[in-house]
Amino acid sequence: MSILGTRVLRTEDPGFLTTGAVYTEDVQDERLAGACYVHFVRSTVAHARIVNIDTSAAADAEGVVAVYTGKDLADAGIGSLRPMPNMNQQMQQPLLATDVVRYVGEPVAAVVTEEMYQGEDAIELVDVDYDILPAVATMHQALSGERGLLFPDAGTNVAVKFGDESASDPDLFDGCEVVVSEVIQNQRVAPAPMESRSGAAAWGDDGRLTAWIPNQGAQGTKGAITGMLGLDRDQVRIITPDVGGAFGAKFGADAEHGVICWVAKQLGRPARWSETRNENLLGMPHGRGQEQKVTIGGTRDGTVLAYRLEVLQDCGAYLKAGAFLPMLTRMMAPGPYDIPRAEAFTTSVVTNTTPVGAYRGAGRPEAAAAIDRAMDLFAYAAGVDPAEVRRKNLLPKFTEPHKTAFGAVYDSGDYAAALDKVLAAAGYDELRAEQARRRTAADTLQLGIGLSSYVEITGPGGEAGGPNENGTVEVYPDGTATILTGTSPHGQGHQTAWAMLVSDELGIPIEKITVKWGDTDLVPRGGGTGGSRSLQLGGAAVQQASRELLDVARERAAASLEASLSDLVFDSGTSAFTIKGDPDVSVPLTSLAESERLFVHTVFTAPGPTFPFGSHVAVVEVDTETGKVFLRRMVTIDDAGTVMNPLLAEGQRHGGIAQGAAQAFLEEVVYDDDGNALTATFADYPFASATELPSFELVDMETPTSYNPLGAKGIGEAGSIGATPAVQNAVIDAVSHLGVTHIDMPTSPQRVWRAINAANGSKEA
Amino acid sequence: MEVKLTVNGMTRSDEVEPRLLLVHYLREICGLRAANVGCDTTSCGACTVLLDGESVKSCTVLAVQANGRSVTTSEGLVADDGAMSAVQQAFRENHGLQCGFCTPGMVMAATSLLAENPHPTEQEVREGLEGNFCRCTGYHNIVRAVLGAAEKLSGDQTNTEVTA
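Those sequence lines, one after another, are chains B and F. The opening position of the first sequence corresponds to residue 1 in our numbering, with each subsequent residue numbered one higher. The opening position of the second sequence corresponds to residue 766 in our numbering, with each subsequent residue numbered one higher.
By construction, these hints were calculated from the structure, which means they are not laboratory data. A couple of the hints might just be wrong.
Covered by chain B, according to a simulated footprint, are these stretches of chain F (three or more residues, beta-carbon under 8 Å) [claimed, not checked]:
id : region
1  : 805-815
2  : 835-849
3  : 862-871
4  : 884-892
5  : 896-902
Predicted model only: the values in this text are computed from it and were never measured. Idealized CB from N, CA, C, for every residue including glycine.
Full structure from sequences and hints, please.
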């Protein structure tokens, strides 16, 4: 019987639970012996000209080996980071600020010390003289130019636009009986993986750099480092230790990583860096950060005819993935709905804030939040139940690919079935009855029920070209096997999952299978783990490699047994080839590796990305006197095709739901009018804890894709895409009878309380 | 300054800088790197260890404050034969960990919680772990793990009583 589809426990866990995983900061390696420590002096102001940097006191401090500034890097010929080709090319980021600082937390100088604690002391002694410039603290200030430009040479604060605004249809909402418009904040949040950023770098006598960096794909990190430092690819080896969470924020490499590699070269000794949480919340790219104007129209019976989405994206001070992500938001704008007329335009602007990058879902949660908030706005305006509006407008079930007006090709879907199943599981009618009872009784604790129906895109690309990933499988005479993969787990459990795939094909027990990734000398190519791509591409590659390995082995077995290929049968139960009709004659697979290495390297290429979908029901209680929100239930369907290991898939859903829900009612990165970060520690940033979340009620549904033999779509981000609008809609639903039509995220007690008071005309709003 | 303390059952003494944090003492001097530093504000609990049997956040304890006391880390929960503790096993069986960074601290907090309250409700588990952050699991399976460990431990006790 196949082990695929069963709840195999993780082989990673015993080590993680006892001596702990080995993160970058834990790495003990002789190449790092005698390492110095790098600490960064960071800008304390959002926007200023650097008049002078006095490093003399720091240089004289105990244990200080060296102090470097942007000038030292420039003198060494290290240039600035360039934006992606289609963006404003003047918006470049130096690894260390040179003439201007553009956000609080931007690295200004690097202080190198013998011991870890000495660096914390010494950075205080670097004296930076700033000539303060007006801070462009908001996207509207960026657009208007009222506070000037971050990059005067660029002539604008606009980095890039997607969608042709001039082609907007002025008659888009013609024939609509109900038209609603709302400006929605999809606020900035912090990815905040539990492991902050870190790195370690050592140069060998051969002139090669070895760098240990927590990442989501060592090959991409290698490309980033070689680009920053102007190195050849064969000069750099990236090693990926265990990674303590990433959520999109550890792709590639950051400026600090480039600096520590350069410092190690300058000093001719290894260098290490680990940031504090304060630095992490200031320096690691944030997520989301969109203002969305939605306009939706249709007929009174709840049929949607037209939808317009206008997005303003906050890039922060420099152009990371955040500048680009509105392209995905635009592509997924209509979500799972069949809307006859839809258009979407996006504008990405720079502000004097921490750069914005990818965060779990990366562009798609923003699209889902906009359309599902719009659906509720429309439902309330039309006076039709939100579930009914969704049912009426969802695309009907399809098994052949469906191309949308925005160029996405949805592979398979049954959106209405997901909605109906999740409503039944949640007991939707009973919930509405309970809500009505509380409304009649004017209870202080009101009940809110929120829905979302989403579709997202996973596995959109490989290292180059279309969706692809490589995998290598080798079998050894001692009965063990090794897998090399271009994916890069950081909590997902590939060590277990990829071993299951090989074990299922080859009959080798999973505890005898080693999975390796993230060392660019060992795995030179690979697209890493992100965009929920791993199983549908990397897992499929591992399975394909196993099957191709059996083909090679079959040839050897035929020769060995002097049998024809067609007479050979492989029995994965015994991991041996036998001859049809003569079960006594067999040859074990592993023995076929004795005289010659038995391995296959292969690339799996998919016809396209896949489109997982689902529906969420959130149930909240809202205290109408204090505005406090209590999240009581999350009932979800997240259909990611065929599930390979339900234990792991459920874990991915749980984590996604928690992060998505947390954005809706808890988390927000806040800046003041001068661009100071007000949420720069875990004491200030409202990271979701165990008391704020319920246990989750997962409903299963599997609609396989034909795009890979596993039938699998991505599951890593699904929860975070469906949960945000469901929870936000639930909070608004709880107080909608009081006249509230919209509350921005996070639905904090203050915002909810004000919304209630505003709706009843109170001056306290 | 000299500190003398018991770490995972072994007595040791070391010369330390007065401001050295217990978590850095454990990691850098004792070589016990399971406990992690996840924040600067005693918020996240990734560094949780037991000090004289009670959970503390070792980023907010100086090594010198542990002088004369006993420290247990997740390395120290493993039996001599290599078997994981009931709490550690329950975390594995319930998939209560993903990236693993919060895990050693979470396991120590859960161990302390169950020592204080062997039969917690779900709400009590959630409240007991409020000071330990996890970004991966949404806490769902962590709560299941702690409840599962409680059940296992009370079951074992019942069996022991029956046998006795």
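Outcome of the hint check:
Given a C-beta distance limit of less than 8 Å, the hint that chain B covers the region 805-815 of chain F holds, as 5 residues qualify and 3 suffice. Coverage of the region 835-849 of chain F by chain B holds in this model, with 5 residues showing a Cβ closer than 8 Å to a Cβ of that chain against a need of three. Check result for the region 862-871 of chain F against chain B: holds, 8 residues qualifying (beta carbon to beta carbon below 8 Å, three or more required). Counting residues of the region 884-892 of chain F whose beta carbon lies closer than 8 Å to any beta carbon of chain B gives 4, which meets the minimum of three for the stated coverage.
Requiring three or more residues with a Cβ within less than 8 Å of a Cβ of chain B, the coverage given for the region 896-902 of chain F holds, as 7 such residues are present.
The structure fails none of the hints (numbered hints given earlier).
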